[in-house]
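Student: Read off the chains here:
Number of protein chains: 2
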Amino acid sequence: MELSVLQKSRYDYAPKLPGMLRHGIAEISVKEGEETQSVADQEQIKALFPNTYGKKEITFVKGANTSAAKKQVVGVILSGGQAPGGHNVVCGLYDALKATNKDNELYGFKGGPSGLLDDDYLIFDDAYINKFRNTGGFDIIGSGRTKLETPEQFAIAAEVCKKHGITAIVIIGGDDSNTNAGVLAEYMAANNTGVQVIGCPKTIDGDLKNEDIEISFGFDTATKTYSELIGNVERDCNSAKKYWHFIKVMGRSASHVALECALQTQPNICLISEEVAAKKMSLSQIADQIADSVITRAEKGMHFGVVVIPEGVVEFVPEFSVLIAEINELLAGSKADEFNSLASWKEKYAFIKDGLTEASMKVFAILPTAIQQQLFLERDPHGNVQVSLIESEKLFSEMVGAKLAERGYAERYATLHHFFGYEGRCAFPSNFDSDYCYSLGYNAFMLIQYGYNGYLSKVSNLSAPASEWVAGGMPITKMMNIERRHGEDKPVIKKALVELDGAPFKYFEANRAKWAEETCFTYPGAIQYYGPTEVCDLPTITLTLEHAK
Amino acid sequence: MELSVLQKSRYDYAPKLPGMLRHGIAEISVKEGEETQSVADQEQIKALFPNTYGKKEITFVKGANTSAAKKQVVGVILSGGQAPGGHNVVCGLYDALKATNKDNELYGFKGGPSGLLDDDYLIFDDAYINKFRNTGGFDIIGSGRTKLETPEQFAIAAEVCKKHGITAIVIIGGDDSNTNAGVLAEYMAANNTGVQVIGCPKTIDGDLKNEDIEISFGFDTATKTYSELIGNVERDCNSAKKYWHFIKVMGRSASHVALECALQTQPNICLISEEVAAKKMSLSQIADQIADSVITRAEKGMHFGVVVIPEGVVEFVPEFSVLIAEINELLAGSKADEFNSLASWKEKYAFIKDGLTEASMKVFAILPTAIQQQLFLERDPHGNVQVSLIESEKLFSEMVGAKLAERGYAERYATLHHFFGYEGRCAFPSNFDSDYCYSLGYNAFMLIQYGYNGYLSKVSNLSAPASEWVAGGMPITKMMNIERRHGEDKPVIKKALVELDGAPFKYFEANRAKWAEETCFTYPGAIQYYGPTEVCDLPTITLTLEHAK
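Chains as they are written, first to last, in this note's numbering: chain A, 74 to 622; chain B, 74 to 622.
These aren't lab readings, by the way, just hints derived from the structure by calculation.
In this text, all values refer to a predicted model and were calculated from it rather than measured experimentally.
Be careful, since some hints might not be right.
[What the hints assert, rightly or not] Some, not all, of what chain A presents toward chain B, calculated at C-beta under 8 Å:
(1) 80
(2) 106
(3) 211
(4) 212
(5) 483
Cβ coordinates follow ideal geometry from the N, Cα and C atoms, glycine included.
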């Protein structure tokens, strides 16, 4: 079989545009709003972006198209990790571009930003692009993690654009990539290259979010896919009634994914990294919290449950971060050789005990042996502990087991482990993401056509039906502040963490005690693309709760 | 949220019955076919089942219902691992039972066969059963793995039935449970208990299949769920272009699941345990086969791929089975203490080298260290190696790495690992499984109503639309043969392995060379319950190919 039946069928789906973009290109007019300021550090940001700072927010409305008629050649880049809907951004961009002028051309740079630097591209046509409509993945042109951030790279980019007559670049990426899009836009303007740069907000992690970006694309589909799986595991758990399932979900820097999945599936426990950091929780406290649920449920005859863990949680545990820093120090340079020369784990353990502070040794001592060994045996090329490789789902399940033993719990406690990440990044985009992404791309071209530079394609009012969505653009500089990164002050778009006083967390907090003791599992099932609107077009619970404020 | 929107919506789905069952209870008549014989060992089986052997195959047809009017009290049991659709078997059974006579009652024995022995039950009513229509899981009454097989258990079962006036038991289970249903039916007949026993074919593994059972229920939904995930991982793989993903799927005794997933997703490599056994393949040969694909693809610039591995494959590798047997022997009794007293892995390794035959030591030596240690350190209560715990996805990815190094391959080879099992056993049943299961349950009651005992509920012609399905019953003894189990000759339903001369494997075999070298990934996406028939009601490729014969 060349194509799945669903893929064939999805080709026929017509993504829904915001109402104001539905009247045809000739009927899209611009309404300019207020001049903008960056969210913080205005003077510094303004100084860094003399050409692109302070521009006006814009909204598209129904009205005569007043843009200048000229041939446009546009380039598009997919940057960073995959997120469902990326193909539709490209399709929307292509359709608006071709609808405006059949001679317009869209270049796709291959393998991420490096494609622009290496001048590695394809030119889209109908036959090619139609194969990717409403599909998951970034295989349309591939993606990559090269960062576009140095003046040397910018100069090459400008040259490549000049060579092909490219007048605009659309960068589809996360917070870093959109920050860099802003910097590139400034460069292009400062150097009178005539190239516009437009960003599009992508990331399944959901941490590219602010008062202008209601949600990054891909979050909807990815969390629905993980919730499908968590719900299925919950139902298995509640049928077999014999296992505690520890489920890790993607999301290293923020816990939006875990939180949304928890809201959708109501597991017994869900850890939220931001809360762990705010409350300075220890590993032991976390394990105790889970053990409480195990014991309470066992008293009710339920020797089973589900725990959801965000991928990055251990990095938010203060004592654990200190331990990692000490281990990195302990093995720096030639000390690693000394350590490696020790023959047995016993000797190595003594070496470790000798080298760590008492506080860190206490943390180290309660870790399961497998994790202890992993911390010392698997290190990255710089000799540092590879925190991302730590199987935190196993770490916590074992620590809970130890807690239970300490507390004299002698009943059944059997565990199973899962990690859901790669399963959700390339799913067929939900109707929401199909619509949202297509709109972002379509809208991006309208920003180009109207001559804007350094803008983010913005589609908002997303918890309403698509007909009521609002399309427009926001200067990227408006979202920036100055942060210290790698020892340097840099203008960046702030990464959005879960807000502990936000509506989604508050809802979770108000319900979790009940979820921990009872079985309140909810089973979302697989993403549906056809059928009743309430089943197919539901936004995330996070978005719904945020908009209910 | 109490219920997901999909769950609420699925309550409204009306499962499709076979055409002949659609005219109402009053219009269901029986057509008796030929008397049957067991598939093998006729004399022995006949002697063991004097009361239930040789009965006629029956089919339901449109015609006047001639069954005797009497109140029926029926019990139902879910046996063994979860499979999507179990709830619908109960719903179909309940609906036919209530449609026949409002005073009829359905008892659900809780937690599997042990519920019958412990007299632990609930009595279904509309309000309760409606909460489970078209949903996944076995949480309606729970399931369990107690085997009903001894005369003592049968006597208790008969007593419990008598106490409640139960005149029929429906057992929903796999090959073992249906074998036991046949034995229980014989007991009930031999002892004139007046209790009928009817079996229903359940297992996601797909290994309860023969000329009468086209497919066990749950296989369709489970393989579609795994294929969704494998397809998503493939798309991620083909977008990021930097990893080899090793994906293990459930299925210890047979590879139907892996094969169906491979047919749906076209990975680069899929191992089939039955082929490994038939060709007496070594671990090294398997690793070489995968390494071939890695190298060929790398030569074409593709440093990525997907390998699907059936859960039980290592148990089918002859040399590995010998090794496991030797290890069990090596650690039997007090020898385990001697082994455990050795302080370092080095000493332990020497002990192992000393104890194994040269051939097995050769196999042991090529295993990754983590697997070597696992074989010796984690043993079951009887001191045996826990083969099911072996992470074969990691075993093969590491062995392939070693092969590549041996062969001088110096390019990128980065791996990721997945195991898909619990994610699929409790998914919302596909329309196919919703319809099939409801029909099996409805049909089971018609068999009861017409007085049959020791029959399996049979619904066939399943690759056609449901209106053309054929409903009826087959004596369980017809599927039996004598096999040696735990040192005893026993009458059992034969477990169906993947047939290497069957159409599904032949199709796979004809295409796999291309799949190994090129990127032929297919992305099935999530199971759809609404929308176009070709998307929602598609049977498995295995079934389609088998019926195309």
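Student: None of the hints should be skipped; say for each whether it holds.
Tutor: Hint check:
1. Taken as an interface hint, residue 80/A checks out: its beta carbon lies about 6 Å from the nearest beta carbon of chain B, inside 8 Å.
2. The interface hint given for residue 106/A is violated, since its Cβ lies 36 Å from the closest Cβ of chain B, which is over the 8 Å cut-off.
3. Hint on residue 211/A holds. Least Cβ distance to chain B is approximately 4 Å, under the 8 Å limit.
4. Taking 8 Å as the C-beta cut-off, the interface hint given for residue 212/A holds, the closest approach to chain B being about 5 Å.
5. For residue 483/A, the interface hint is violated, the least distance from its beta-carbon to any beta-carbon of chain B being 17 Å, above 8 Å.
Going down the numbered hints, you'll see the structure goes against 2 and 5, while the others check out.
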